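Visitor: Turn these sequences into a full structure, and let the hints guide you.
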Amino acid sequence: MIIFIIMSFSVPVLLPNHSNLYAGSKKQIEFAADHPPYLEDFIISTEEDSVCLSLNVANPFDHEIKSLLLNGVSQKISLTVKVSVNSFNLYLVKFNRTLSDNTYTHNIDYDNLKKTFTITMSAESKPTETTSYKKAVKIAAEFKDIVLLHKNQIDADRHYQVDAQTEIREVSLPFHLEYLFFFLSAWDRKSNSYTIDIPKQLLIENLKR
Numbered sequence: 002m003i004i005f006i007i008m009s010f011s012v013p014v015l016l017p018n019h020s021n022l023y024a025g026s027k028k029q030i031e032f033a034a035d036h037p038p039y040l041e042d043f044i045i046s047t048e049e050d051s052v053c054l055s056l057n058v059a060n061p062f063d064h065e066i067k068s069l070l071l072n073g074v075s076q077k078i079s080l081t082v083k084v085s086v087n088s089f090n091l092y093l094v095k096f097n098r099t100l101s102d103n104t105y106t107h108n109i110d111y112d113n114l115k116k117t118f119t120i121t122m123s124a125e126s127k128p129t130e131t132t133s134y135k136k137a138v139k140i141a142a143e144f145k146d147i148v149l150l151h152k153n154q155i156d157a158d159r160h161y162q163v164d165a166q167t168e169i170r171e172v173s174l175p176f177h178l179e180y181l182f183f184f185l186s187a188w189d190r191k192s193n194s195y196t197i198d199i200p201k202q203l204l205i206e207n208l209k210r
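Quick note on this note's numbering: the sequence shown kicks off at 2 and runs consecutively.
Keep in mind that the hints were calculated from the coordinates and are not lab data. Please note that a few of the clues may not be correct.
Below, simulated BS3-like cross-link-like pairs (lysine-lysine); rule was C-alpha separation at most 30 Å, straight line [unchecked claim]:
1. Lys67 - Lys152
2. Lys152 - Lys201
3. Lys83 - Lys201
4. Lys135 - Lys145
5. Lys127 - Lys116
6. Lys136 - Lys201
7. Lys116 - Lys136
Quantities reported herein were computed from a predicted structural model and do not represent experimental measurements.
Guide: Okay, structure coming up:
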């Protein structure tokens, strides 16, 4: 198994095997606080017959969102992952074709009576419980083994990229609590969009299996 560990940087960085990570601002970003969320600790690996991505969301919640969570308002950390391939049409014009565009959402709930956080990663997985706020956020902010490509999708002569962006969705407060939490920004919290070139060596290794 080959694993590429990619750390996040504020400028384009040349990675091993000609894999590039761009932490660019492709879109207009609005932040609810001075310290926006960002992505870090990228890992691209081969798992069985697939190429997978793992990463962490750093600084997902600000003080306002933490306050909402501790007052019983469920919070979500979402990660959008888009995989594309560079191709040529009949006129030899290069273009990007999207192979997949998926959003993965982790949910955190807090029970004031039990003083327990419940983290739900997916409908299929068993929820995780903890009494630690820091541990709850750490678990919810970890996205592991997201399948980017299956073996039958890989062509070693083509160039593949993955775009990733996190979003902490705008919360919907019950019973008109927005009047109490008037300091909550109307904007969602989003990270910059990160573009990663999937290393060709890793693709070739997967095809050999």
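Visitor: Hint check: Lys135 vs Lys145, CA-CA at most 30 Å. Holds or violated?
Guide: Answer holds: Lys135 to Lys145 is near 18 Å, not above 30 Å.
Visitor: Given the hinted pair Lys136 and Lys201, is their Cα-Cα distance within 30 Å?
Guide: violated (36 Å)
Visitor: Please work out if Lys127 and Lys116 have their alpha carbons no farther apart than 30 Å.
Guide: holds (19 Å)
Visitor: Next pair to validate is Lys152 with Lys201; report whether the Cα-Cα distance is within 30 Å.
Guide: This hinted pair holds, its Cα atoms lying about 13 Å apart.
Visitor: Is the straight-line distance between the alpha-carbon of Lys116 and that of Lys136 30 Å or less?
Guide: holds (14 Å)
Visitor: Lys67 and Lys152: Cα distance at most 30 Å?
Guide: Outside the cut-off at roughly 41 Å; violated.
Visitor: For the pair supplied as a hint, Lys83 and Lys201, is the alpha-carbon distance within the 30 Å limit?
Guide: Distance ~18 Å between Lys83 and Lys201 Cα, so the pair holds.
Violated hints, listed in ascending order, are 1 and 6; each of the other numbered hints is respected by the structure.
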